[in-house]
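Student: All chains, please: the whole structure from these sequences, using the hints.
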Amino acid sequence: MDFGFRIAPSSTINLDKVDRTRFERLHEIEPDVYKCMACGSCSSTCPAGRFSGMSVRKVILALQRGKEKEAVRMLKGCMLCGKCSMVCPRGINTRHLILSICRIYNEEEQ
Amino acid sequence: MRERFLTGYNDFVLPFMIGMAFILTWCIVGMIRIIASLPKEDRRRFFLSLINPKILIKDIKDIFCDCLLHVKLWKRNKLLGYMHSSIAFGWFMIIVIGHIEVFFYAPHRAKLLYFPIFFRYFMAEDDSTMGGAFFFFLMDFFLLVILSGIALAIIKRIHSKFFGLRRTTNPSFMDLIGLYSLWAIFPLRLLAEGFTADISGGSFLTKSLNSVFHTFLGNHMNMLPTWWAYSLALGVFFCVLPFTRYMHIPTEILLIPLRNAGVRIRHPRKGYAEAEVYACPSCGVCIDACPMGVMKTHIKDTTVYLNRQLRRHNEDRIEEISDKCLLCGKCTAVCPVGVEGDRLRIAQRSLRQYNITPDYSMIDTGSLARECSFSGPDKGKVLYFAGCMTALTPQIRKAVESVLAKAGVRYEMMDKDGGICCGRPMLMAGRFGPAGEMIRKNTEIIRQSGAGTLLLSCPICYRIFKEQYSLDGIEIIHHTEFFDRLVKSGTIHLGHTSERYVYHDPCELGRGCGIYDEPRAVIAAAGELVEAEKHHKESICCGGSLGSLTLGFDKRQAMTVNALNNLTKSSPDSIVTACPLCLSTFHRYADRPVEDIAEIVDRNMN
Numbered sequence: 001m002d003f004g005f006r007i008a009p010s011s012t013i014n015l016d017k018v019d020r021t022r023f024e025r026l027h028e029i030e031p032d033v034y035k036c037m038a039c040g041s042c043s044s045t046c047p048a049g050r051f052s053g054m055s056v057r058k059v060i061l062a063l064q065r066g067k068e069k070e071a072v073r074m075l076k077g078c079m080l081c082g083k084c085s086m087v088c089p090r091g092i093n094t095r096h097l098i099l100s101i102c103r104i105y106n107e108e109e110q
Numbered sequence: 001m002r003e004r005f006l007t008g009y010n011d012f013v014l015p016f017m018i019g020m021a022f023i024l025t026w027c028i029v030g031m032i033r034i035i036a037s038l039p040k041e042d043r044r045r046f047f048l049s050l051i052n053p054k055i056l057i058k059d060i061k062d063i064f065c066d067c068l069l070h071v072k073l074w075k076r077n078k079l080l081g082y083m084h085s086s087i088a089f090g091w092f093m094i095i096v097i098g099h100i101e102v103f104f105y106a107p108h109r110a111k112l113l114y115f116p117i118f119f120r121y122f123m124a125e126d127d128s129t130m131g132g133a134f135f136f137f138l139m140d141f142f143l144l145v146i147l148s149g150i151a152l153a154i155i156k157r158i159h160s161k162f163f164g165l166r167r168t169t170n171p172s173f174m175d176l177i178g179l180y181s182l183w184a185i186f187p188l189r190l191l192a193e194g195f196t197a198d199i200s201g202g203s204f205l206t207k208s209l210n211s212v213f214h215t216f217l218g219n220h221m222n223m224l225p226t227w228w229a230y231s232l233a234l235g236v237f238f239c240v241l242p243f244t245r246y247m248h249i250p251t252e253i254l255l256i257p258l259r260n261a262g263v264r265i266r267h268p269r270k271g272y273a274e275a276e277v278y279a280c281p282s283c284g285v286c287i288d289a290c291p292m293g294v295m296k297t298h299i300k301d302t303t304v305y306l307n308r309q310l311r312r313h314n315e316d317r318i319e320e321i322s323d324k325c326l327l328c329g330k331c332t333a334v335c336p337v338g339v340e341g342d343r344l345r346i347a348q349r350s351l352r353q354y355n356i357t358p359d360y361s362m363i364d365t366g367s368l369a370r371e372c373s374f375s376g377p378d379k380g381k382v383l384y385f386a387g388c389m390t391a392l393t394p395q396i397r398k399a400v401e402s403v404l405a406k407a408g409v410r411y412e413m414m415d416k417d418g419g420i421c422c423g424r425p426m427l428m429a430g431r432f433g434p435a436g437e438m439i440r441k442n443t444e445i446i447r448q449s450g451a452g453t454l455l456l457s458c459p460i461c462y463r464i465f466k467e468q469y470s471l472d473g474i475e476i477i478h479h480t481e482f483f484d485r486l487v488k489s490g491t492i493h494l495g496h497t498s499e500r501y502v503y504h505d506p507c508e509l510g511r512g513c514g515i516y517d518e519p520r521a522v523i524a525a526a527g528e529l530v531e532a533e534k535h536h537k538e539s540i541c542c543g544g545s546l547g548s549l550t551l552g553f554d555k556r557q558a559m560t561v562n563a564l565n566n567l568t569k570s571s572p573d574s575i576v577t578a579c580p581l582c583l584s585t586f587h588r589y590a591d592r593p594v595e596d597i598a599e600i601v602d603r604n605m606n
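From first to last, the protein sequence lines are chains A and B.
Going by our numbering, 110 is the number at position 110 of the first sequence; the sequence numbering is gapless.
Going by our numbering, 232 is the number at position 232 of the second sequence; the sequence numbering is gapless.
Keep in mind the hints are simulated off the structure, nothing from the lab.
Careful: at least some of the hints might be erroneous.
[As the list claims (entries may be wrong)] Residues of chain B placed beyond 10 Å of chain A at every Cβ, according to the derived structure:
no. : residue
1   : L6
2   : H159
3   : P171
4   : L191
5   : Q309
6   : D359
7   : E401
8   : C421
9   : S584
[Said to hold, decoys possible] Simulated crosslink set (SDA-like; lysine to any residue; CA at most 20 Å straight-line):
no. : chain 1 : residue 1 : chain 2 : residue 2
10  : B       : K416      : A       : R50
11  : A       : K76       : B       : S148
12  : A       : K69       : B       : N355
13  : B       : K324      : A       : S100
14  : A       : K76       : B       : N355
For every residue, glycine included, the Cβ atom is placed at its ideal position computed from N, Cα and C.
Tutor: This is the structure in structure tokens:
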């Protein structure tokens with residue numbers, strides 16, 4: 001049907017210098033990573049946070065911003081206890097997300 | 001009896017002999033392969049067990065009870081038990097009696113493998129050997145037993161509900177060939193022996209059949225084709241056996257001695273695990289048992305299908321099935337041959353490579369131990385480790401602490417401000433390295449604290465503390481056991497109310513650690529205890545398990561609702577559990593109060 005007008009193609013200019021290829025790969029496996037609204041419930045319950053500053057919220061934000069080194073440092077403290085997945089109001093399966101990150105990202109390259 | 005043929009041979013034995021040679025070679029090669037791929041110490045343990053008379057007697061008893069009589073299936077369902085034991089035991093007896101007959105009447109043929117099988121074709125009855133009638137009767141009797149079993153097997157294919165199986169496995173193509181050839185063997189044997197009975201002799205079954213045949217098929221030319229058909233059916237069955245589920249018959253005979261020797265799964269694909277995979281009879285008992293089964297989409301993720309995919313090396317599906325499982329262990333508990341679905345999956349998960357390895361070296365156990373260490377006269381007292389999950393259900397921790405205080409037990413909290421995870425969730429994800437590191441850290445803390453008893457309120461922690469930690473000299477106790485002890489010793493007294501409680505067995509506490517009676521005793525002291533429809537080792541997982549890696553919480557509602565329906569069958573006033581995870585999971589969908597056993601004790605004690 002011709003309305004005489006169309007939706008214009010996106011004209012966003014991405015000036016971000018961050019390499020997001022790995023994050024896109026993560027997003028493919030874990031679509032839920034975009035569901036996070038950074039509420040911090042996971043951070044407040046995390047038992048590893050006390051020892052290593054681990055916080056799933058920060059890990060997701062850091063990965064989105066390309067701060068992979070920081071994310072990996074935090075992830076090394078994770079004990080995979082699963083409390084974060086239980087309190088997540090968005091229902092993100094954080095344990096699987098963490099395991100996926102551990103497979104996609106590499107600690108040696110940092 | 002006398003021999004009918006000088007050579008003692010006919011071409012029709014060939015299909016049987018080919019099949020027999022094939023399956024024997026296959027089984028011997030397979031057995032050597034499995035034993036060779038065991039780790040060295042396991043192999044040594046296995047060989048030592050074969051010369052230990054105590055274990056040897058147990059091996060023979062288990063093989064007799066499980067492989068021939070199918071005692072476990074009898075307990076599950078009488079009809080299912082009869083069907084299996086009639087075929088297995090009947091066949092076994094026919095082989096044994098066949099050999100006895102050869103031994104008595106044609107001992108010079110005893111070295112021919114086929115002779116006992118086709119005995120009636122090669123031998124003829126004469127006046128001097130009427131004593132053989134006893135064996136004839138036994139042979140006919142066991143043939144009838146087997147035929148009744150086959151008839152039941154055919155009914156089971158059409159209507160499995162009669163046998164207590166709501167759902168059953170979809171047989172693969174090869175399974176069907178094996179199935180039909182197995183069904184064909186014994187009716188064909190009956191026909192062949194029926195045609196031959198006037199020469200070879202027979203009993204109530206074969207002799208009467210022979211008289212019937214004589215009225216319209218009275219020609220000995222009919223004999224040979226039926227013997228050919230019988231031999232062919234045997235040959236086909238033996239040749240397809242390794243590629244069908246019937247491979248469980250020979251494999252189970254190897255699995256039982258391995259298990260009794262104390263061999264466990266070390267590698268997900270080799271050795272003991274392989275023996276378990278091939279010992280799976282595809283009976284489908286685990287399909288009805290699986291808590292995920294409430295949703296039809298998950299039926300193909302049960303242990304029987306995991307075993308099938310493992311045999312086919314279908315890597316994608318193996319990974320998917322292993323990751324989805326809740327590890328509640330019910331399939332292991334109900335499996336008639338003892339396939340450990342949960343351990344197979346954990347072993348499978350351990351194969352995965354990760355690029356980021358956790359490192360807990362920065363955790364200072366010394367300062368953590370100081371927070372909870374006992375000093376002076378308190379040495380050797382109770383150390384309470386609440387665990388991560390109890391931190392999410394503070395009512396449990398509060399109740400436990402209140403009971404301890406009221407009972408006058410001197411205790412210290414090990415994780416007041418959060419501690420190190422017990423390692424079980426990491427272990428269930430198959431990452432043994434980091435789990436071991438957490439175990440070491442926690443062990444250091446407990447040792448340094450000087451505790452004599454470690455009290456746990458979470459069954460997930462309890463199981464790993466019992467199985468993986470080496471805390472000699474320190475008693476590891478779950479709060480249900482601890483309260484039971486307090487009640488029994490009279491330290492605390494529970495006021496009895498008329499409230500009806502139903503107890504939910506948490507997977508890790510019940511099936512995992514075998515604790516069923518202590519929590520029930522405590523609840524019975526506080527009120528009226530009623531049982532759920534399925535309880536003890538048949539209890540249904542709440543659906544909240546940390547075992548599953550891929551199952552999101554949105555997909556678990558149906559399981560929780562199903563578990564709740566099971567619990568509320570006898571309309572209790574409230575549901576009692578002993579696991580923080582079950583508590584919080586049930587809480588979401590329950591229509592009546594859900595409480596931890598600690599809360600009941602705290603409320604009712606005076």
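Student: Find the nearest Cβ of chain A to the Cβ of B/L6 and say whether that gap is larger than 10 Å.
Tutor: holds, 72 Å
Student: Between A/K69 and B/N355, is the straight-line Cα distance small enough, at 20 Å or below?
Tutor: Roughly 13 Å separates the two Cα atoms, so the pair holds.
Student: Minimum Cβ separation between B/E401 and chain A greater than 10 Å?
Tutor: Since the minimum Cβ distance to chain A is about 19 Å, B/E401 lies beyond 10 Å and the statement holds.
Student: Are all beta-carbon distances from B/D359 to chain A longer than 10 Å?
Tutor: violated, 5 Å
Student: Are all C-beta atoms of chain A more than 10 Å from that of B/S584?
Tutor: violated, 7 Å
Student: Taking only the CA atoms, is the gap from B/K324 to A/S100 under or equal to 20 Å?
Tutor: Satisfied, since the Cα-Cα distance of roughly 15 Å is no more than 20 Å.
Student: Measuring Cβ to Cβ, find out whether B/P171 lies farther than 10 Å from everything in chain A.
Tutor: The claim holds: B/P171 sits with its nearest Cβ about 33 Å from chain A, beyond 10 Å.
Student: So if I understand the rule, the pair passes when the alpha-carbon distance is 20 Å or less; does A/K76 with B/N355 pass?
Tutor: Holds, at about 11 Å.
Student: Hey, does B/H159 actually stay past 10 Å from chain A on C-beta?
Tutor: Nearest chain A Cβ is 40 Å from B/H159, so the label holds.
Student: Given the proposed pairing of A/K76 with B/S148, does the C-alpha separation stay at or below 20 Å?
Tutor: violated, 62 Å
Student: What's the verdict on B/K416 and A/R50, does the C-alpha distance respect the 20 Å limit or exceed it?
Tutor: Holds. B/K416 to A/R50 sits at ~12 Å (cutoff 20 Å).
Student: Would the least Cβ to Cβ distance between B/L191 and chain A come out above 10 Å?
Tutor: Check passes; 59 Å lies beyond 10 Å.
The structure does not agree with the numbered hints 6, 8, 9, 11 stated previously, though it agrees with the rest.
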